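Residue numbering for the sequence shown follows the working numbering, beginning at 1 and increasing consecutively.
These aren't lab readings, by the way, just hints derived from the structure by calculation. Among these hints, one or two may not hold up.
Here are the computed lysine-lysine pairs in the PhoX-like style, where the Cα-Cα straight-line distance is at most 20 Å [what the hints assert, rightly or not]:
#1 Lys132 <-> Lys70
#2 Lys118 <-> Lys132
#3 Lys70 <-> Lys118
#4 Lys27 <-> Lys52
What you are looking at is a predicted structure, and each value in this text was computed from that prediction instead of being measured.
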Amino acid sequence: WTGEDAKGRVIGLDGLIRELAGLPDLKRIRYTTSHPNDMTDGLIAAHGEIDKLMPYLHLPVQAGNDRVLKAMNRSHTVESYLRILDRVRAVRPDIALSGDFIVGFPGETEAEFEDTLKLVDSVGYAQAFSFKYSPRPGTPAATMDSQVPAEAMDERLQRLQAALNRDQLAFNRKSV
Numbered sequence: 001w002t003g004e005d006a007k008g009r010v011i012g013l014d015g016l017i018r019e020l021a022g023l024p025d026l027k028r029i030r031y032t033t034s035h036p037n038d039m040t041d042g043l044i045a046a047h048g049e050i051d052k053l054m055p056y057l058h059l060p061v062q063a064g065n066d067r068v069l070k071a072m073n074r075s076h077t078v079e080s081y082l083r084i085l086d087r088v089r090a091v092r093p094d095i096a097l098s099g100d101f102i103v104g105f106p107g108e109t110e111a112e113f114e115d116t117l118k119l120v121d122s123v124g125y126a127q128a129f130s131f132k133y134s135p136r137p138g139t140p141a142a143t144m145d146s147q148v149p150a151e152a153m154d155e156r157l158q159r160l161q162a163a164l165n166r167d168q169l170a171f172n173r174k175s176v
């Protein structure tokens with residue numbers, strides 16, 4: 001996101017957050033980013049510098065395997081995603097992380113799905129949203145070979161949600 005501040009200068013999301021933080025009646029700021037590429041140096045720094053910015057970050061990853069991410073036309077890798085999380089945690093150690101996941105993207109193998117479970121285990125999400133892939137007419141994925149059977153998607157979603165629920169429960173227990 002880019003826009004203009006009150007003086008007509010172009011600013012990014014971090015600049016907007018900094019402007020909002022200056023409003024005395026605004027007590028809290030929270031945002032959602034749709035893509036890891038939106039996490040600029042300035043936005044990461046804002047997490048450590050702005051007290052009004054809540055210690056929460058929703059940063060979708062979709063899958064824990066680079067081949068699947070590439071097939072999804074995502075421009076990040078698992079490693080680049082984890083680097084972002086490490087940088088955010090370095091400036092805001094108490095950050096609660098949230099993510100999005102899709103299981104059963106066309107061609108996803110059991111081993112590639114296991115990579116997603118490994119990612120979940122390594123991150124420790126406080127919250128997450130998980131879905132089964134569903135074809136959308138007119139999208140390249142809808143006509144890809146190797147559509148994952150519904151039963152496999154159901155089973156993978158159950159396993160993923162069990163792992164996410166375990167992490168969410170651990171986070172909630174620490175918060176009481």
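Hint check results:
| no. | hint | verdict |
| --- | --- | --- |
| 1 | Lys132 <-> Lys70 | holds, 18 Å |
| 2 | Lys118 <-> Lys132 | holds, 18 Å |
| 3 | Lys70 <-> Lys118 | holds, 18 Å |
| 4 | Lys27 <-> Lys52 | holds, 6 Å |
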